[in-house]
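Put together the whole structure using the sequences plus the hints.
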Amino acid sequence: GNSVTQMEGPVTLSEEAFLTINCTYTATGYPSLFWYVQYPGEGLQLLLKATKADDKGSNKGFEATYRKETTSFHLEKGSVQVSDSAVYFCALSEENYGQNFVFGPGTRLSVLP
Amino acid sequence: DGGITQSPKYLFRKEGQNVTLSCEQNLNHDAMYWYRQDPGQGLRLIYYSQIVNDFQKGDIAEGYSVSREKKESFPLTVTSAQKNPTAFYLCASSPGMGSYTFGSGTRLTVV
Numbered sequence: 022g023n024s025v026t027q028m029e030g031p032v033t034l035s036e037e038a039f040l041t042i043n044c045t046y047t048a049t050g051y052p053s054l055f056w057y058v059q060y061p062g063e064g065l066q067l068l069l070k071a072t073k074a075d076d077k078g079s080n081k082g083f084e085a086t087y088r089k090e091t092t093s094f095h096l097e098k099g100s101v102q103v104s105d106s107a108v109y110f111c112a113l114s115e116e117n118y119g120q121n122f123v124f125g126p127g128t129r130l131s132v133l134p
Numbered sequence: 289d290g291g292i293t294q295s296p297k298y299l300f301r302k303e304g305q306n307v308t309l310s311c312e313q314n315l316n317h318d319a320m321y322w323y324r325q326d327p328g329q330g331l332r333l334i335y336y337s338q339i340v341n342d343f344q345k346g347d348i349a350e351g352y353s354v355s356r357e358k359k360e361s362f363p364l365t366v367t368s369a370q371k372n373p374t375a376f377y378l379c380a381s382s383p384g385m386g387s388y389t390f391g392s393g394t395r396l397t398v399v
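Quick mapping for you: the protein sequence lines, in order, are chains A and B. Residues in the first sequence are numbered consecutively from 22, following our numbering. Residues in the second sequence are numbered consecutively from 289, following our numbering.
Hints are computed from structural coordinates only; laboratory data are not their basis. Check each hint, because a few of them may be wrong.
As the list claims (entries may be wrong) - In the BS3-like style, the derived pairs of lysine-lysine whose C-alpha atoms are separated by at most 30 Å in a straight line are:
1) B/K371 <-> B/K302
2) B/K358 <-> B/K345
3) B/K345 <-> A/K70
4) B/K302 <-> B/K345
5) A/K70 <-> A/K98
6) B/K297 <-> B/K371
7) B/K302 <-> A/K70
8) A/K81 <-> B/K345
9) A/K81 <-> A/K70
10) A/K77 <-> A/K89
11) B/K358 <-> B/K297
12) A/K70 <-> B/K371
Claimed, not checked - Label pairs and their in silico Cβ distance ranges:
13) A/V103 <-> B/E357: 27 to 33 Å
14) B/E303 <-> A/N43: 26 to 32 Å
15) A/D75 <-> B/V399: 38 to 44 Å
16) B/E357 <-> A/T41: 20 to 26 Å
17) A/N80 <-> B/D347: 27 to 33 Å
18) B/S392 <-> A/V103: 18 to 24 Å
19) B/V399 <-> A/E97: 39 to 45 Å
Predicted, not measured: the structure shown is a model, and the values here were computed from it. Just so you know, even glycine gets a beta-carbon here, dropped at the ideal spot from N, CA and C.
Here it is in structure tokens:
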């Protein structure tokens, strides 16, 4: 079945450091890929998405490129801020799976001033 | 502005009680979902509905029930059969293809 794997957290960085959160997936067809962010005590917000191979999603300085050859969708940001501290979820959606999302376990990011 | 409203934000349940969590959306989305999130863990799908008057069990449906009488509403009842209901509950909706929109969640605590 479909699945999403994310790097284990928590990840702790200093402000202005470079961020990478790894995400790999398994899917039977051609999924769309997403990153969601969850701030403490809140629901999930869509951060970015990509719907086909080689697409790059970007938002608020975050980027991720859909790599079909490595089945990956790693999240990157060049310079993190304290306000980026949150839990990040990688997810996929596939038509053959009834469009239901499959979420990764989440990666907690803490950015220190 | 369109969105999803979950209420209440905090809910306390006594042992043996049924409680109902509300989820309302004005996005005109066909599909709606309920997830459970435990501390430090990911999301687990409880129930989903892709159309009015129809719903399917997710991965952890035991002890929960839902209804979908209106497109806008997808309430979740946590029954007394759910032995460990303390968790953060998230409702989401989707137009059928594309991204999910989430509500802000309900934190349920058994007292």
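Could you tell me which of the numbered hints above are not met by this structure, giving the numbers in increasing order?
Numbers 7, 8, 12, 13, 14, 15, 16 - these are the hints that the structure violates, sorted from lowest upward.
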